[in-house]
Amino acid sequence: MSRDVAPSIDETTIRAFLSGPFPGIVAAVTLVEGSRAAAEDSVAEALARAWERAEHGEQIESLPAWVTRVALNLSKSRLRRMRAEAKARDRAGATTYPAPPPEDRLDVERALATLPRRQRQATVLRYYLGFDIAEIAVALGVFEGTIKTTLHRARHAMAAALGEEE
Amino acid sequence: MPPIDERLQRDLDRAARPSAPDSGARFEDVERRRARRTLTRKVQTAALVTVVLVGTAAGFLALLRNFSGAETPATRATTSPPTATATRSPVVLQEIVLPDDPTKVISVDGLGSPVCRGSEIQGNFFGGGTTYAYVFTEASGAGCPPAGGGLQVLVVVVPDATGHSSSLVVTGPLDCHTADGVCYVWADPDIDGDGKNEIAVVTTQGASTMFFQLYEVVTTPNGWAVSPIVAPDGAPVSVAEGGSVTHQDGVNCSGPSNSFIEWSASLNADQTKYLIHSQPYRLDGDYESGPGVFTTSRVLQPLTPSDSTVDLNTDRPMPADDITSCGGSIPNPPSP
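For the record, the sequence lines run as chains A and B. Heads up: the first sequence is residues -1 to 164, going by my numbering. Heads up: the second sequence is residues 68 to 403, going by my numbering.
The set of hints was computed from the structure by calculation and includes no laboratory data. These figures come from a predicted structure and were not determined experimentally.
If you want a taste of the chain B side facing chain A, the calculated C-beta under 7 angstroms gives, among others:
#, residue
1, L75
2, R101
3, R104
Listed next, the in silico DSBU-like pairs over lysine-lysine satisfying Cα-Cα at most 35 angstroms (straight line):
#, chain 1, residue 1, chain 2, residue 2
4, B, K263, A, K74
5, B, K171, B, K109
6, B, K340, A, K146
7, A, K74, B, K340
8, B, K263, B, K171
9, A, K74, B, K109
10, A, K74, A, K146
11, B, K109, B, K263
Which stretches of chain A does chain B cover? Using the computed rule of at least three CB atoms under 8 angstroms from a CB of chain B, they are:
#, region
12, 10 to 22
13, 25 to 31
14, 48 to 60
15, 129 to 141
We put the CB at the ideal spot given by N, CA and C, even for glycine.
Bound conformation, chain A alone (with noise of 0.2 angstroms):
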């Protein structure tokens, strides 16, 4: 790693991201975690990680690629404070508020809501945004086995879900 080379990612690359792939990775992160808002700060704070690190020498090889891998990481970190927030406030009696009504959701979006997160985010990356086997282990971090075990679970429970052929 050089720190004098130029960074890989200035304002230009910033400003293509957010109108080429930015939206995409959103929609896929609310796939997975059921909330954009949510979704649009895990993928925004993402992208200025990436922005920062690469103005520290890191070279980031594939910029959407990254992006989602850190966005579906914030995602879950922030799904578990929100959870424990949740129960904070439970425990102090203050007002709760319920999901969204499932009638308003797609088949899909039910079916795919019951399978674990791993499944899920896989299911997501493999069929929503297209990426291979092998870029969906660097994207979720763990072996090409196991994401292939975890698709055909989640192709077969969707299959049964939505009441297809596999």
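Chain A is already provided as a structure; the job is to place chain B on it using the hints.
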């Protein structure tokens, strides 16, 4: 293409509803976040450089005193007699005495500002004997800020450059989301089994679940430093612990080769069994430094996860939730 694959592609495309293209405001938002991160990094670097410079200066003065022929004065630091050779006597490090009143502001040699709201833990954090780690809130001329106000930092007492007296290493600011906004040192596990304790700092706490981050004292070309253990994405790891009847999170070191296991259990819809996802990790990598900037922390690398179930009608036990199975103890349990 199998029907289910076609259906998933088509329906997910319909369900995704991409957001509107960039309006300019989004760029400003990203730029603001980038600036905030840059500032945080500068603060961390400045704190580190300050500690290294202070440690170096103290070491130089100590060497000057020891080798100039002057008599060695008795100091308040409980050090071993200095020697000019590599034979090292065990060093006894100076503990920072915390006042009974957490809002009382104290000055600590080696810290740039007075501090308050300290929490303390002991452990073998640098690998050479017992030392002390603290989370402090930085105070100002106006006194101790309200709980959750002010920057919070992790401070560890380490040997100075001579190896015979105390110095401090600092990292922060910590991102604290506990009920009162104050982070605290919680436990001193040794998750990689190298004989050196890590420092678990509670940064988020709800009614029944809390999240802790892991830090460790590392040797760098410029001396000791305290560094967060990070996830593969470079962010400090945040581990959940606790929960309720419907969802529980826990950690233990009962896996093979001292792997660190984070598990999560959810009660199924008919409340007959827990669905358990276990994610083992291995503490990987090494600490590297750039030109004056430490860029890499050790990575908690995920290994192959596993899923299992525990039927409530059988006696199969839940996974252990016990960070002390990784070594160390829990001197500062969370408040009930």
